[in-house]
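Line order of the protein sequences matches chains G and C. With the first letter of the first sequence counted as 1, position 271 gets the number 271 in my numbering; the numbers rise by one all the way through. With the first letter of the second sequence counted as 1, position 371 gets the number 371 in my numbering; the numbers rise by one all the way through.
Hint data in this document are derived by calculation from the structure and do not stem from the laboratory. Be aware that a few hints might be false.
If chains are identical, the list can't say which one is meant, so a pair holds when it fits in one copy or spans any two.
To be verified - Below 20 Å or equal to it, Euclidean Cα-Cα: the simulated DMTMM-like pairs (lysine to aspartate or glutamate) are:
id: 1; residue 1: K186; residue 2: D34
id: 2; residue 1: K291; residue 2: E121
id: 3; residue 1: K343; residue 2: E148
id: 4; residue 1: K335; residue 2: E386
id: 5; residue 1: K341; residue 2: E421
id: 6; residue 1: K337; residue 2: E421
id: 7; residue 1: K341; residue 2: E418
id: 8; residue 1: K343; residue 2: E421
id: 9; residue 1: K341; residue 2: D115
id: 10; residue 1: K335; residue 2: E132
id: 11; residue 1: K335; residue 2: E421
id: 12; residue 1: K183; residue 2: E43
id: 13; residue 1: K183; residue 2: D44
id: 14; residue 1: K341; residue 2: D238
Each chain, letter by letter, is given below.
2 protein chains.
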Amino acid sequence: MPEFLTLLPPDEARALLLATLPAPTPASQASGTDSALGRVTAEDVVAPHPLPAFPRSTVDGYAVRARDTYGASDTLPGYLTLVGEVPMGAAPALTIGSAQCALIHTGGMLPPGADAVVMLEYTQPARAGEIEIQRAVAEGENVIRIGEDVAEAQVVISRGTRLRPAEIGGLMALGISGLRVAKRVKIGLISSGDEVVPPGQTPQPGQVRDVNSYTLAALVTQSGGEPVLYGIVSDSFDTLKTTAMKALNECDLVVITAGSSASTRDMTAEVIAALGAPGVLVHGINTRPGKPTILGVCNGKAVIGLPGNPVSALVNGYLFVVPVIEKLLGIPAGKPKPSVKAKLTVNLASQAGREDWQPVRLTPLSPQGRGAGGEGEKVDRGWLAEPIFGKSNLIFSLAAADGLVKIPSDATGLSAGEIVEVFLMP
Amino acid sequence: MPEFLTLLPPDEARALLLATLPAPTPASQASGTDSALGRVTAEDVVAPHPLPAFPRSTVDGYAVRARDTYGASDTLPGYLTLVGEVPMGAAPALTIGSAQCALIHTGGMLPPGADAVVMLEYTQPARAGEIEIQRAVAEGENVIRIGEDVAEAQVVISRGTRLRPAEIGGLMALGISGLRVAKRVKIGLISSGDEVVPPGQTPQPGQVRDVNSYTLAALVTQSGGEPVLYGIVSDSFDTLKTTAMKALNECDLVVITAGSSASTRDMTAEVIAALGAPGVLVHGINTRPGKPTILGVCNGKAVIGLPGNPVSALVNGYLFVVPVIEKLLGIPAGKPKPSVKAKLTVNLASQAGREDWQPVRLTPLSPQGRGAGGEGEKVDRGWLAEPIFGKSNLIFSLAAADGLVKIPSDATGLSAGEIVEVFLMP
Chain G
1 MPEFLTLLPP DEARALLLAT LPAPTPASQA SGTDSALGRV TAEDVVAPHP LPAFPRSTVD
61 GYAVRARDTY GASDTLPGYL TLVGEVPMGA APALTIGSAQ CALIHTGGML PPGADAVVML
121 EYTQPARAGE IEIQRAVAEG ENVIRIGEDV AEAQVVISRG TRLRPAEIGG LMALGISGLR
181 VAKRVKIGLI SSGDEVVPPG QTPQPGQVRD VNSYTLAALV TQSGGEPVLY GIVSDSFDTL
241 KTTAMKALNE CDLVVITAGS SASTRDMTAE VIAALGAPGV LVHGINTRPG KPTILGVCNG
301 KAVIGLPGNP VSALVNGYLF VVPVIEKLLG IPAGKPKPSV KAKLTVNLAS QAGREDWQPV
361 RLTPLSPQGR GAGGEGEKVD RGWLAEPIFG KSNLIFSLAA ADGLVKIPSD ATGLSAGEIV
421 EVFLMP
Chain C
1 MPEFLTLLPP DEARALLLAT LPAPTPASQA SGTDSALGRV TAEDVVAPHP LPAFPRSTVD
61 GYAVRARDTY GASDTLPGYL TLVGEVPMGA APALTIGSAQ CALIHTGGML PPGADAVVML
121 EYTQPARAGE IEIQRAVAEG ENVIRIGEDV AEAQVVISRG TRLRPAEIGG LMALGISGLR
181 VAKRVKIGLI SSGDEVVPPG QTPQPGQVRD VNSYTLAALV TQSGGEPVLY GIVSDSFDTL
241 KTTAMKALNE CDLVVITAGS SASTRDMTAE VIAALGAPGV LVHGINTRPG KPTILGVCNG
301 KAVIGLPGNP VSALVNGYLF VVPVIEKLLG IPAGKPKPSV KAKLTVNLAS QAGREDWQPV
361 RLTPLSPQGR GAGGEGEKVD RGWLAEPIFG KSNLIFSLAA ADGLVKIPSD ATGLSAGEIV
421 EVFLMP
């Protein structure tokens, strides 16, 4: 059993892996905008026309020529002739001339001649056909000009953007009913270990069910990939190599979870080394869980060896598999990860130099009000982070956890009462 | 145009709405575990058997009877007779008797007679068939007992849990290949406004495309609901009421986005009042955007009126529509929302007493290293939150934003340099 030669810090290990991978050239496919939620844009989206396409009022009030209001005030109001009302959803038939105004609603199209809108609350009807104006407006006030939101030919959504509801809406606002998105990348998943049996099978003494194929498949799916399961491979170099080579040919990334014994973990590294150049980049990472993680690149594709322990495999899936999928989809690095700040309930020890990821359950710091409180009541009272311990490291310590607390490598632990950042596991 | 009678704070408004809704009775359906990612459990999941199902070693080493190691140390080691090796994936054929040991791998089944494992690094081969033990172990050391992770009949995943990769793995570990999940709840979406046309249509002057049906449909989909689009309804009380009544009969929640003018917003409230008892609960919320939001309950179902402005509709969708969907699915309230802490780049003014939600773009606080840095380099340097302003409030101010900063109602603004919490818009 060879010893780990170097233990890289996780951030460094990930950066090395991503830097060694060639620049992604994601294949794209057409998608309707209304079914593109969660997909990643394969090209920049350019506005085919300006938004708004006509000058619009942002308030309810009277469309005017701004200069006709200069000097108007509560005590010395001006008076304008009412020439009509701007209809919603149509171009106004009227024109605003000198000393004239027209009733306009929020979102209504500014009539020709008008260059500003006086809010309703600063006006009142005077004599029939006349409106009293109690406040002056500047040119453009309470108006959105043509193209003020989006100019024609402006890049409104850049390539590599994961589409959220807001982007779907933006595309619809521009009448873009379809676009090209990155194809889901194929991620090959191999479980190894003589002790591992499929979940549908009743394990005999000494056997355990395959968990990693399914946690990682779910992680791949929610990250925008398509999992391809290659099943469970016995602890044999040749079998593992043959299966891994097939997966490497058919997929964009291969993830092998090793059996739990040290010899099978080492075999994974030997297989990755034999799959193609440059082979193993990182063998051993200075983190817990995840020390035996192996990162490799073979013939331009990433191959990741994860420990067989299900907690370790999933935590390191978040740390290493997801960033590779994002790179393959063309998503730029450096987006924030969802987290919350929370108060740690107990001391957490850690070894200096090693980065630890501790599963925690989050509970509200104090009982949440039901809205009965008075003015100024704050409902966001914060969170308590309660570590979930278990020497077994079985998957239910993660299923019970809302997130993971990182104990940085330069700390020897965290203290009870300390405010920590909890990475929420999606 | 009636004035808003009372403006409730958003948290209070939401609490009132949720408290007025009857207790949810989510309909359930069968799902395969491997396709249940993101679905919500409709009943408690109970462990059919303990985990682990047999005593397992957590390390590579030698299975022993603990009492045979008492007193062993570097300088005064003990010696045990090696009786064999525990195979991976099978029950060991051997038994550990007095002064005996067997080689065992991580995850291997503890042989009968053994009650602890000595780690490999505290042993070395002595004479043929004999192992030198350099450290004592206590009973149970480096062993997971039967049921130590999960006991038989233990509730391992409670009802109302949204299934993540960890839960999928936990179910597989127990051989649970299918379970009952809450049916997707149906959310009826109605857009109103004479100025609104379908996105496929080229707007004439004065017209705008329907954005809200699609942003809200995407939000509903990703929250676990099934959007039902009722299209665009003209600014007519009777038409809107007829459509809303149909939606209320067919769906679990109805969301109406009003046209942008004040009169259509007020019409929405009148329609909700006419749909069923108790009708309108909240008309006007002390927030920006979203002041004209209307919350109602009609015949036991929530009806929400959102402003027609797409930014306002989507932001208030996150604040009010998503929590109702979660309640309908049986998810308990009070789960943390994903956020990040960030440093505000500029001052943000706000009106005291009103809660503001400001779209911001997040950029790394300082350029991110590419892993080239030395030991102890910290990559999590934090984020800058740069507000996206725009009087237009059109949808691209949200499409450009990573999240929303809340300016609490008891603040009159936030200062540049202040650390703020940014709610990440999923």
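Worksheet item: Hints broken by the structure, by number, lowest first?
Response: 3, 9, 10, 14
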